[in-house]
Amino acid sequence: MSLFRLIALAVGLLGLGFGAARAQQQLDIALILAVDVSGSMDDARYRVQFEGIARALDDESVIQSLIGGQRHAMAIAMLAWSDKAEEVMPWRIIASSADAHRIASLIRSMPRVSGEFTCLAGMLRQAREGLVRSVPGQASRVIIDVSGDGPDNCSGAHAAEDERDKTIAEGVTINGLPIRTENEVVGTGAYRAPGFGIEELRNEPHASGVTIEDWYKQHVIGGPSAFNIVANGYHDFERAFRRKFLIEIASGVQGQGQLSMSNANPSARAGIIHRN
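Each residue of the sequence shown is one higher than the one before, counting from 3 in the numbering used here.
Just so you know, these hints were derived from the structure itself, not from any lab.
Don't take each hint at face value.
To be verified - Quick list of the computed label-pair ranges, beta carbon to beta carbon: (1) N234 <-> V115: 20 to 30 Å; (2) R57 <-> H160: 34 to 44 Å; (3) E118 <-> A97: 36 to 46 Å; (4) H160 <-> V64: 30 to 40 Å; (5) R49 <-> P92: 40 to 50 Å; (6) Q140 <-> L108: 18 to 28 Å; (7) G70 <-> D44: 34 to 44 Å; (8) M112 <-> G41: 32 to 42 Å; (9) I95 <-> D44: 26 to 36 Å; (10) Q28 <-> T213: 18 to 28 Å.
On a predicted model such as this, the values are computed, not experimentally measured, just so you know.
Quick reminder that beta carbons are idealized off the backbone N, C-alpha and C, glycines included.
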């Protein structure tokens, strides 16, 4: 093959690469829903969470917000997490009412996923190394939406903070939906994963008696405009999720330009907003 033809072929392939980049899906927001399915979640609590998410996606006012941004599309994925994080729904695009209803039906039909411990730090690491790095397009914002009713009882608050900071360093915002239960104050956690011993528990921040929303605020949420929305029990989950969902959608719609995954400040905690 002549040098001229080799150069022409190389230019053609380069052009195809640029064309593929231009054709990549443009998204207002990429949202990862991380739902706690640990041992504290009986069947009723489990279904309240998944049904609350499905109902939000079936709501026409929510759908119009989802597709009402500049790019008229968003991506959504789900993790069910406890001892490990399981990707129960890979990335899906919502660009129409039909898309939203289809995903709501998918969420309702998901088989039960269960676990024992609340390994929040491990979930953040798995989300960062998996779904965050496989967003199917160019998103103005990438958000991990964490719901749960207890602190990390696998590796503790400091490990959760470390994984949070590594995650927001990649340009991701982590929002929280802490669920208040009959135990208003987070306990010292006699219930813990093997290897997470009594000595570590004594040094845990929640040993002094903080609420679950305080624990999420201090050790989980982070990144630009991060916030908590508190559910006052499982009966309040749907209301709290819908409100948080709408705020997250609005943040994506109002986002300015393409998110740079390399320019985020890993210690950018001043932007945290705690909303009750």
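Against the range 32 to 42 Å, how does the distance between the Cβ atoms of M112 and G41 compare: consistent or not?
violated (19 Å)
Given the hint of 26 to 36 Å, is the C-beta distance from I95 to D44 inside that range or not?
At 33 Å between Cβs, range holds.
Are Q140 and L108 spaced within 18 to 28 Å by their CB atoms?
holds (24 Å)
T213 and Q28 - C-beta distance against the hinted 18 to 28 Å:
At roughly 40 Å between Cβ atoms, T213 and Q28 fall outside 18 to 28 Å, so the hint is violated.
Do the beta carbons of R49 and P92 sit within 40 to 50 Å of each other?
Between R49 and P92, where Cβ atoms are some 22 Å apart, the hint is violated.
Do the Cβ positions of G70 and D44 conform to the proposed distance bound of 34 to 44 Å?
Holds: the Cβ-Cβ distance is about 37 Å, inside 34 to 44 Å.
Range hint 30 to 40 Å (beta carbons of H160 and V64) holds or violated:
37 Å Cβ-Cβ, so the 30 to 40 Å window holds.
Does the Cβ pair R57, H160 satisfy 34 to 44 Å?
holds (37 Å)
Is 20 to 30 Å a correct range for the gap between the Cβ atoms of N234 and V115?
holds (25 Å)
Range hint compliance [Cβ, E118 to A97, 36 to 46 Å]
Since the Cβ atoms of E118 and A97 sit about 38 Å apart, the hinted range of 36 to 46 Å holds.
Of the numbered hints given earlier, the model fails hints 5, 8 and 10; all others are met.
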